[in-house]
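Chains as they are written, first to last, in the numbering used here: chain A, 29 to 348; chain B, -1 to 210.
Be aware that one or more of the hints could be misleading.
[What the hints assert, rightly or not] Cut-off 16 Å, straight-line C-alpha distance, at most; resulting in silico cross-link-like pairs (EDC-like, lysine to aspartate or glutamate):
#1 LYS15(B) <-> GLU4(B)
#2 LYS13(B) <-> ASP229(A)
#3 LYS13(B) <-> GLU160(A)
#4 LYS40(A) <-> ASP277(A)
#5 LYS208(B) <-> ASP168(B)
#6 LYS15(B) <-> GLU160(A)
#7 LYS75(B) <-> GLU116(B)
#8 LYS128(A) <-> GLU160(A)
#9 LYS51(B) <-> ASP201(B)
#10 LYS13(B) <-> GLU156(A)
#11 LYS49(B) <-> GLU7(B)
#12 LYS182(A) <-> ASP113(A)
#13 LYS11(B) <-> GLU156(A)
#14 LYS11(B) <-> GLU160(A)
#15 LYS15(B) <-> ASP277(A)
#16 LYS75(B) <-> GLU7(B)
#17 LYS182(A) <-> GLU116(A)
The hints are simulated quantities; they were obtained by calculation from the structure and are not laboratory data.
The structure displayed is predicted, hence computed values, not measured ones.
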Amino acid sequence: MTERERFIKALKREPIEGHCPTFELVFFLTLEAIGRIHPSQQCFSQWKQMTAAEQKLHIDYMADTYIGTAEKYHHSAIFVHPNPDDFENTVRLLETIREKTGDKYYLTMHGDCTFGIPDGDGMMAFSERMYEDEEGLKAEAERNLANSVRYAEKMAKYPGLLDGFTLCADYCFNVNPFFSPSQFGEFIAPYLQRVIRAYHDLGFYSIKHTDGNIMPILDQMVQCGPDALHSLDPQGGVDLAEVKRLYGDKVALCGNVNCGLLQTGTEEEVIADARRALRDGMNGWGYIFCTSNCAYTGLPLERYELMNRVWWEEGVYPAH
Amino acid sequence: MSIYSEISENLQKGKAKVVRALVEQAVADGCPAAEILGEGLLSGMNIVGEKFKKNEVYVPEVLVAARAMNMGIDVLKPLLAEDGVQSAGRVCIGTVQGDLHDIGKNLVKMMMEGKGLEVIDLGVDVSPETFVQTAVEQDCDIICCSALLTTTMEVMAEVVKKAEEAGIRDRVKIMVGGAPVTDAFCQQIGADRYTSDAASAADAAVELCKEE
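Okay, chain A solo, but in the shape it has when bound:
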């Protein structure tokens, strides 16, 4: 079974043997980990001035960075951040990873069309629109949806390249969602459900990510039909065992290893938390082990490697 097949089985909540799959939404620590600059830390302002040969070298470099990271940490999936991010170069990067690794890895990239939490400068104007320009906001949501579906349709013309989209609009703070449940039901859920359905119809899997306390809108998120939910943020009070109990028969789950502990906890706390996530998540299949956010810039690499080591040694399903 390839890593990709293992990952897809987890998304489908099917039994697997061997290791529970693992990956990271972003693994920014590539320079420390494998001596290579992460693609999103590179600037290609002169991309169009480059010869085709130079462009190919850069794409090879980026592909090797993703592959090297996945190989070192036994990731089953690669989350690709195309850079440059136009369609043509995105396809070139995905093709290059496939050429080098075949179908070994599940490949995914951003693909969310829904509104997330606006930034501090924009949140007042956005909130006003929810009360005073509902139709305008919904029209914008429709346009965003159409753009995402159009992109997926183009990508679907390259079968076997991309496995799925990860929808990364954040909806929640630690305490609560930004949107009230009724606002979520009006301005987010209909579009989330439709884009996920469109992705499925085109043969793509979908993983829905958000930080924070998802519990007040969790039922609506699950009803939208994603294959998996990511990141099940313990800093937002999300209890993996409880989510598993409530929705483990409807959606796969990814994450929940506490990033706060990875940063500031003791080694013992990190080990205990990784074990807890494995115990609660692996129970009943449908779990992908990862941090409750990503391996972000500033995270001590040794802490990521510690949680990865716990997974390698203990995150194994018994033979059945």
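Given the coordinates of chain A, work out where chain B should sit on it, guided by the hints.
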């Protein structure tokens, strides 16, 4: 229903233009500006804050209520100044150096203003020196530090250290908050108060100002 109740209820619904018109009407009727502020605007915002703490309302509802409050306050500002009405305290707030996230900081700012505090917004990526210098120059009662990142929250310890070096710790309280921040961290760095949400931060700030 009194005009103050009408102001409060419309503020809670985020009806900014109605609130402004009602405040103008109250002023025209001869109501004292401080009373319109306290019994109308701040009373309404208090109710929103309490509901927010109990998860009965969500951020967008708080934001449109704050907008309504600010439109009312705009009408009252010159009158409050004429009457010599003092704010409940002065706070300088910012997201710490290296961190560009401002949602939580902006929410806290609005909630504090809703409690009648004067808030100086230093923005994001604020150095410890700027926090302390502003507190000294603007005679602030509280420095309020926000961080979203586990990698930047350590800057809060530096703010406490700089405030100690500047000799202002006996008169300036330091509040900390943000997703990765905990009460234990607050105590560890020697700050005065951690709160987990914006409404509680505003309550705590009022308490701290009263203590001084």
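**Asked** Under the criterion that the straight-line Cα-Cα distance not exceed 16 Å, is the pair LYS15(B), GLU160(A) satisfied?
**Response** Judged against 16 Å, a Cα distance of about 12 Å means the pair holds.
**Message:** So if I understand the rule, the pair passes when the alpha-carbon distance is 16 Å or less; does LYS13(B) with GLU156(A) pass?
**Reply:** 10 Å, holds
**Message:** Hint check: LYS208(B) vs ASP168(B), CA-CA at most 16 Å. Holds or violated?
**Reply:** This hinted pair holds, its Cα atoms lying about 14 Å apart.
**Message:** Can you confirm whether the C-alpha distance between LYS51(B) and ASP201(B) stays at or below 16 Å?
**Reply:** 11 Å, holds
**Message:** Need the status of pair LYS11(B), GLU160(A): alpha-carbon distance at most 16 Å?
**Reply:** 12 Å, holds
**Asked** LYS11(B) and GLU156(A): Cα distance at most 16 Å?
**Response** Judged against 16 Å, a Cα distance of about 12 Å means the pair holds.
**Asked** Straight-line Cα separation of LYS182(A) and ASP113(A) no greater than 16 Å?
**Response** 14 Å, holds
**Asked** Going straight from one Cα to the other, do LYS182(A) and GLU116(A) come out at no more than 16 Å?
**Response** Holds: LYS182(A) and GLU116(A) sit about 10 Å apart, inside 16 Å.
**Message:** Against the 16 Å threshold, does the CA-CA distance of LYS40(A) and ASP277(A) hold or violate the hint?
**Reply:** Judged against 16 Å, a Cα distance of about 10 Å means the pair holds.
**Item:** Satisfaction of hint between GLU7(B) and LYS49(B), Cα-Cα up to 16 Å
**Value:** 13 Å, holds
**Request:** Decide if the proposed pair is consistent with the structure: LYS75(B) and GLU7(B), CA atoms, cutoff 16 Å inclusive.
**Result:** Status violated; Cα separation ~21 Å.
**Request:** Take the C-alpha atoms of LYS15(B) and ASP277(A), compute the straight-line distance between them, and say whether it is at most 16 Å.
**Result:** It is violated: about 49 Å lies between the C-alpha atoms, which goes past 16 Å.
Hints 2, 8, 15 and 16 from the list above are not met by this structure, while the remaining hints are.
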